[in-house]
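K.L.:
So the chains spell out like this:
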Amino acid sequence: MFGLDKKDSTLLLIVAVLTMFAPFILNPFPEGSALAQFNAGYPDLMQRFVIFGIFAIGFNILFGLTGYLSFGHAAFLGVGSYAAVWMFKLLSMNVIPAIFLAIVVSGLFALLIGFISLRRSGIYFSILTLAFAQMMFALAYSVLTPITNGETGLQLTLNDPRVLGQSATADGSIPVTSLFGMEMRQTFQLDMGAWLFQFNVGYYFSAVIMLIAFFIAIRIFRSPFGMMLRAVKSNQQRVNYTGLNARPYTLAAFVISGMYAGLAGGLLASMDPLAGAERMQWTASGEVVLMTILGGAGTLIGPVLGAGFIKYFENIFSKINDNVLHEWFAFLPDGLENFVVFVMHPFIGKGWNLTLGILFMLVVIFLPGGLVEGGQRIAKLFRKGKAKDSAKPTTKPAE
Amino acid sequence: MGILEVKGVNKRFGGLQALSDVNLSVKENTVHAIIGPNGAGKSTLLNCLVGKLIPDTGSVMFDGQSVLGRKPYQINQMGISRVFQTPEIFGDLTVLENMMIPCFARRDGAFRLHAYESVAAEKELAEKAEQMLIDVNMIEKRHMHSASMSRGDKRRLETAMCLVQEPRLLLLDEPTAGMARADTNNTIDLLKEIKEKRDITMAIIEHDMHVVFSLADRITVLAQGTPLVEDAPENIKGNPKVREAYLGESA
Numbered sequence: 000m001f002g003l004d005k006k007d008s009t010l011l012l013i014v015a016v017l018t019m020f021a022p023f024i025l026n027p028f029p030e031g032s033a034l035a036q037f038n039a040g041y042p043d044l045m046q047r048f049v050i051f052g053i054f055a056i057g058f059n060i061l062f063g064l065t066g067y068l069s070f071g072h073a074a075f076l077g078v079g080s081y082a083a084v085w086m087f088k089l090l091s092m093n094v095i096p097a098i099f100l101a102i103v104v105s106g107l108f109a110l111l112i113g114f115i116s117l118r119r120s121g122i123y124f125s126i127l128t129l130a131f132a133q134m135m136f137a138l139a140y141s142v143l144t145p146i147t148n149g150e151t152g153l154q155l156t157l158n159d160p161r162v163l164g165q166s167a168t169a170d171g172s173i174p175v176t177s178l179f180g181m182e183m184r185q186t187f188q189l190d191m192g193a194w195l196f197q198f199n200v201g202y203y204f205s206a207v208i209m210l211i212a213f214f215i216a217i218r219i220f221r222s223p224f225g226m227m228l229r230a231v232k233s234n235q236q237r238v239n240y241t242g243l244n245a246r247p248y249t250l251a252a253f254v255i256s257g258m259y260a261g262l263a264g265g266l267l268a269s270m271d272p273l274a275g276a277e278r279m280q281w282t283a284s285g286e287v288v289l290m291t292i293l294g295g296a297g298t299l300i301g302p303v304l305g306a307g308f309i310k311y312f313e314n315i316f317s318k319i320n321d322n323v324l325h326e327w328f329a330f331l332p333d334g335l336e337n338f339v340v341f342v343m344h345p346f347i348g349k350g351w352n353l354t355l356g357i358l359f360m361l362v363v364i365f366l367p368g369g370l371v372e373g374g375q376r377i378a379k380l381f382r383k384g385k386a387k388d389s390a391k392p393t394t395k396p397a398e
Numbered sequence: 000m001g002i003l004e005v006k007g008v009n010k011r012f013g014g015l016q017a018l019s020d021v022n023l024s025v026k027e028n029t030v031h032a033i034i035g036p037n038g039a040g041k042s043t044l045l046n047c048l049v050g051k052l053i054p055d056t057g058s059v060m061f062d063g064q065s066v067l068g069r070k071p072y073q074i075n076q077m078g079i080s081r082v083f084q085t086p087e088i089f090g091d092l093t094v095l096e097n098m099m100i101p102c103f104a105r106r107d108g109a110f111r112l113h114a115y116e117s118v119a120a121e122k123e124l125a126e127k128a129e130q131m132l133i134d135v136n137m138i139e140k141r142h143m144h145s146a147s148m149s150r151g152d153k154r155r156l157e158t159a160m161c162l163v164q165e166p167r168l169l170l171l172d173e174p175t176a177g178m179a180r181a182d183t184n185n186t187i188d189l190l191k192e193i194k195e196k197r198d199i200t201m202a203i204i205e206h207d208m209h210v211v212f213s214l215a216d217r218i219t220v221l222a223q224g225t226p227l228v229e230d231a232p233e234n235i236k237g238n239p240k241v242r243e244a245y246l247g248e249s250a
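Residue numbers (numbering that gives the first Met the number 0), protein chains in the order written: chain A, 0 to 398; chain B, 0 to 250.
One chain only, chain B, in its complex shape (with noise of 0.2 Å):
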């Protein structure tokens, strides 16, 4: 048993069956790989795991709870963290602002009235959010104006927002689309370290075959809003099915 569980789930914007009867098992401290040409579902699926969309019929299940229903944040609390294609950060703050926010979320739950408090007496979680900074080798940055950085840091800055909530499942919706490549292998090795070091769950959606092989313990391709096959990479790439739908141009 995966700690996700999808069984079933089905989405239909008017006439597109976007997702039909989509299976996935993730489980515990593996990367998991969604691939899938253009128009799949990917980015569906990704949005009904988060509570953004609502499948018409089947069930998603995470450590044995429904999701379904839930908004964003309360999912999120549940111990699910997503990474977005265009990194989303708090672009009007400092780095280590940023941090501290996910932090105060982890600690204090999705609302508390702490308005007569300081941040600079919270030690601990400053501490927690700059050990999490040299991490992933932002520390010295910890006081620029996030939006001034560039792409790959902004992606890295996400990424450890995500990783210092210790979520339990990490989300990541193509992290290095629209990268350059320098971008895109600073993120590759940011994830491997991150693979290597935490034991953490990953789902990846990703267009990147280098990406992909470099990184995942499994992969699920998808097309056409079904899943073609599940398998271990080393599988996957020579799979007659999956050159046919996906990866005959790109191999």
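Chain A on its own, in the form it takes in the complex (with noise of 0.2 Å):
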């Protein structure tokens, strides 16, 4: 299917089916239940999956290929956002062509903080795009504030002009995002029974888009390019000793993953229009660090699943309080309740990111390969359990 061998077209279907109905699968609790606190079926928290999934793939493509591990990618992502906004103020409000403008700006700032970067390897190289990176916050943050707005970060107004649009719609409001009149916002609901499923236009919008970023990133391991860049990483000296001048092979997986969080960038504002600086933080880039490594750096599918899991947890565990916790554990005696929620309390609400840090800890170190090593764990030890059933000594697990 599209040029990819029977095993990447199933996992692009299983990819695809998953998006396609992720407002069901993301709804599994009832409306009002104890646990509808854990679903994530809301169009928000499905966009920021998908947009943050292109971001980590596009991540992965340098990372996980090259091992070269930038540390100012989120600065890409805040230049689409800015470019992307620019695109609704000056020109229409259809993302299309804010999100082709998004694309190109994040690849030329790519291409110039790539080349700058990439004379240096290692920590060395990941120093550089920090710098580069946090030169450029400060820049969009205070320096630039005619083009960003500072930190109050760049809205749309009803002075903006507009050239292929309308300034301010007819009742005096700032017009919304939409696709050739499909508004971003739209969401249609479904009521069944006591779950309520929405589906967004936005979310689908994003997940097409995901979906073309994840066969494109499959293309690109799967091709010659891709091959070179695990080269690249395994041993430069024998790339050099081959005839194979490494430079542009990187730089082009530098920039290539530059357009795809620029790309990211651009989905983010066109889901809401604004952009701010704090979009290019250092712990925006350590972020996307994070998504690729929990995920699984340098498989397919490793980084859509980091992305999901840190969105899931930064919304899901971040939402839990005392109060919820004294809710859960009101079938304790008193003083073991308070003791309870008194132990679980750093660990929920704005504690989230400790709960975060220590399940990192542990993946890094019980699986390195990311989640995508413990599925690939858990299906081994299953298919032994098969094998031992069929009680055939001669079949041996694959691999």
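Hint data in this document are derived by calculation from the structure and do not stem from the laboratory. No experiment lies behind these values; they were computed from the predicted model shown. It is possible that some hints are incorrect.
[What the hints assert, rightly or not] A few chain A residues that don't get close to chain B, going by computed Cβ distances all over 12 Å:
id, residue
1, G2
2, N93
3, V103
4, T144
5, T186
6, P345
[Stated by the list, open to error] Computed cross-link-like contacts, BS3-like style, restricted to lysine-lysine with a CA-CA straight-line distance of at most 25 Å:
id, chain 1, residue 1, chain 2, residue 2
7, B, K140, A, K379
8, A, K232, B, K140
9, B, K70, A, K232
10, B, K196, B, K140
Every residue, glycine too, gets a C-beta built ideally from N, C-alpha and C.
Since each chain sits alone in its own frame, please combine them into the complex, following the hints.
P.N.:
Printed below as a string of structure tokens:
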């Protein structure tokens, strides 16, 4: 299918089915039940899943294939957002030109930053990218206020020119982002008994783009170019002495992953047309590194899983507070209940980062290949069990 | 006129004259060994040939073109492949993938953005790579993770990776250094076979006399950065100057 082999086609299909049915899959608990707060099937969060999925897929093309760890990728995300918002302000509320400009501008920035940073490798490369990202953050936050609107962030106003659109709608409000008339915020609701499923235009638009981005990433992984990138990661000396110039290969990977980040930034702005400097902060760069490693660097599906995992925790764990805990543990005797809540308190609400940190440590120590490795181990156990059941001594597990 | 002509090369590291006035000529389709005691400048000379070091003075011409000032990948594209002292292979990749990379480098040059093509569709290159693996008796290992192989097999793979590029000159830097006897013999057999079956020019830097005398057509003895003598192997053994400088201890 589309030039992919059977295994990759299957993977793409599975991801496609999961994203298309996400509003159902992520909403397993009926409304009003105690577990409803673990539901993730609302538009805002689902959009984040796929958009940060795109961000991480792109990051993985650089980090997973070449091993160059960029610590400044959020800069491209931010640049993409600013570019998209400017397009909304000046041209039209259609998301296509906005996303296009976001990709182009972030690609140009990546070309410049990559050209300089890739003169070094290892930790020095990471530091250079971090320095660039911090410079860009500082520029966006204060120096370039006329372009970025400083700490307030870039927003749409009623005075924007919008050449191919209107500055304000008939009822005097700011127009909303759309795809040829389909508003991104539009949501269809489906009531089924106790369940409420929401189908959001913005989510489906982002999901389709993520599928395309995922498909392109698979093609890159399976291409000669991808093989050269893995060669660079494995042994740069041998690459040089095999007649290959490593620099343009790594630069191309850097620019491609920068464009993925810009695409994600453009999509973020398309869902909610504002762009702030905090999107470029180093914590945001660190987050995409976490996503990729947590999911499994160098694997195809890993970054998407990692992005989903982190965004889920960020949104769900941070919503749990002491009252919720008291409700859960109400069956315990009073003293014990208070004690349990006291122990769990630092890990929930604003402390969700602590939980994430612990999970990240556990994954890195016990599953260096990330969640994907965890899945593979489980699959292996399962297969072994099966082989035993069939009791054929000649069957060996594949691999 | 040889395919590789080294003339009047000097290289100095601080107070150490590593190479002084080295002249060397490697003829096409011969195996030329460069021997010498530790510190004679063998590796420095080799590094000057592949672009890792630039000599202070002198010239290094390959097939009429100077290699000086060119980067290693450019020199490789000119037709010089190098086998390292410790095998340099792509350890994270499978044996077949290791073989495919030089095939791509040979066909597509130093850089090509073939990001949307598929490796699986490159039937012709895969055939070429597999044929080379058959030639070096490694075909049954083609799906193995190359880092998990023995040192002898890694050397075999690295040599095959260089050969599949059809180099006009193959440089080998102590191909048997630090190897077990079995692996050494294995490597000698491989190189002998290559020499017999292909028209190839090789320059070998080697410590092990057994290796040198079973392979070389010409031998240059290097001592303290200067070529002492250049001759056919049978004359080298009896040469008193060489005995004094080098063979005295091992013969």
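K.L.:
Could you check that no beta carbon of chain B comes within 12 Å of the beta carbon of A:T144?
P.N.:
holds, 38 Å
K.L.:
Say whether it holds or is violated: A:G2 keeps its Cβ farther than 12 Å from all Cβ of chain B.
P.N.:
violated, 6 Å
K.L.:
Checking one constraint from the list: CA of B:K70 to CA of A:K232, max 25 Å. Satisfied?
P.N.:
holds, 20 Å
K.L.:
Are B:K140 and A:K379 close enough, with their CA atoms no more than 25 Å apart?
P.N.:
holds, 23 Å
K.L.:
According to the definition I'm using, a residue is off the interface if its beta carbon is farther than 12 Å from all beta carbons of the partner; does A:P345 meet that for chain B?
P.N.:
holds, 40 Å
K.L.:
Can we confirm that no CB of chain B comes within 12 Å of the CB of A:V103?
P.N.:
holds, 17 Å
K.L.:
Is it true that the CA of A:K232 sits at most 25 Å from the CA of B:K140?
P.N.:
holds, 22 Å
K.L.:
Run the distance test for B:K196 versus B:K140: straight-line Cα separation, threshold 25 Å.
P.N.:
holds, 22 Å
K.L.:
Regarding the assertion that A:N93 does not contact chain B, is the least Cβ-Cβ distance greater than 12 Å?
P.N.:
holds, 27 Å
K.L.:
Closest CB-CB distance from A:T186 to chain B, is it above 12 Å?
P.N.:
holds, 36 Å
Hint 1 alone, counting from the list given before, is not met by this structure.
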